[in-house]
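Sequence order for the protein chains is Z and U. Once you know that position 31 of the first sequence is 31 in the numbering used here, the rest is easy, because the numbers rise by one and skip nothing. Once you know that position 7 of the second sequence is 7 in the numbering used here, the rest is easy, because the numbers rise by one and skip nothing.
Hint data in this document are derived by calculation from the structure and do not stem from the laboratory. All C-beta atoms in this analysis are idealised placements derived from N, C-alpha and C, irrespective of residue type, glycine included. Watch out, some of these pointers could steer you wrong.
[Claimed, not checked] Label pairs and their calculated CB-CB ranges:
#  : chain 1 : residue 1 : chain 2 : residue 2 : range
1  : U       : Y51       : Z       : D28       : 19 to 29 Å
2  : Z       : K18       : U       : S53       : 43 to 53 Å
3  : Z       : E79       : U       : Q80       : 42 to 52 Å
4  : Z       : M27       : U       : P10       : 32 to 42 Å
5  : Z       : S95       : U       : N55       : 17 to 27 Å
6  : U       : N95       : Z       : K70       : 17 to 27 Å
7  : U       : A29       : Z       : D28       : 22 to 32 Å
8  : Z       : F20       : U       : G9        : 33 to 43 Å
9  : U       : E15       : Z       : K70       : 42 to 52 Å
10 : Z       : D28       : U       : K56       : 23 to 33 Å
11 : U       : S20       : Z       : D26       : 30 to 40 Å
12 : Z       : K3        : U       : N55       : 21 to 31 Å
13 : U       : D78       : Z       : S7        : 31 to 41 Å
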Amino acid sequence: DVKVTQSSRYLVKRTGEKVFLECVQDMDHENMFWYRQDPGLGLRLIYFSYDVKMKEKGDIPEGYSVSREKKERFSLILESASTNQTSMYLCASSSGTGFLGAEQYFGPGTRLTVT
Amino acid sequence: QKEVEQDPGPLSVPEGAIVSLNCTYSNSAFQYFMWYRQYSRKGPELLMYTYSSGNKEDGRFTAQVDKSSKYISLFIRDSQPSDSATYLCATSHGNQFYFGTGTSLTVIP
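Make the full structure from the sequences, and use the hints.
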């Protein structure tokens, strides 16, 4: 079974704090993704990575950065958290070198609240 | 027009009913189709994965793709209270991946 784990289930941070969300997958997948999910808006892609040290912007990268130093680990960084970044953050991974269309497997999510 | 459209519901059915969940998509080039189930406050879980047209069955679940009308469906037979969740459809083509916004389903005992 594919397993994607995320470092925290629930997180509460203050405005202006730097926030790190970590994701680890154990299936040797090439591709990893960060989404946020908000009611009525569905899943929105923040960043993705198709290889170690490679990253590409998704649909809503502003206010976020990512790091992928190892194949199994993909980190999302909120440089200076703001209240509009309160959301459910979901990490996903998929297999396929040079192909991002394969089925994605998701982690349990991190519910981040910024006060 | 969104790439994938999905009625948000909510949909409420009695236990044992047949449930039909549907999505439409915009691009006839889409080739891969997926259904995810998401329980409240959890991550989406892959339920079904199909390529191109036709049906795929897995237990009580059947995924159907009609490429001529750009319509994808998920049927749940003998629905159970444990099927209460949000169901998301998804499709992909090349390096693009698109999700519907999800349909909320409640199965009433």
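Measuring from beta carbon to beta carbon, are K18/Z and S53/U in 43 to 53 Å? holds (48 Å)
Distance restraint evaluation - A29/U, D28/Z, Cβ atoms, bounds 22 to 32 Å: Since the Cβ atoms of A29/U and D28/Z sit about 29 Å apart, the hinted range of 22 to 32 Å holds.
Given the hint of 31 to 41 Å, is the C-beta distance from D78/U to S7/Z inside that range or not? Check passed, 38 Å falls within 31 to 41 Å.
Given a hint of 42 to 52 Å, does the C-beta separation of E15/U and K70/Z actually sit inside it? holds (46 Å)
A range of 23 to 33 Å was offered for this pair. Does it hold for the Cβ distance of D28/Z and K56/U? holds (26 Å)
Holds or violated: 17 to 27 Å for the Cβ distance of S95/Z and N55/U? With a Cβ separation near 25 Å, S95/Z and N55/U satisfy 17 to 27 Å, so the hint holds.
Could you tell me whether the CB distance from F20/Z to G9/U stays inside 33 to 43 Å? 35 Å Cβ-Cβ, so the 33 to 43 Å window holds.
With 17 to 27 Å as the target window, see if N95/U and K70/Z comply at their CB atoms. At 23 Å between Cβs, range holds.
Falls inside 30 to 40 Å, the C-beta gap from S20/U to D26/Z? Because 35 Å falls inside the window, the suggested range holds.
Does the Cβ distance between E79/Z and Q80/U fall inside 42 to 52 Å? For Q80/U against E79/Z, whose Cβ atoms are near 45 Å apart, the range 42 to 52 Å holds.
Given the hint of 21 to 31 Å, check if K3/Z and N55/U actually sit that far apart at their C-beta atoms. holds (29 Å)
Satisfaction of the hinted span 32 to 42 Å by the C-beta atoms belonging to M27/Z and P10/U: holds (34 Å)
In this structure, none of the earlier numbered hints is contradicted; all agree with it.
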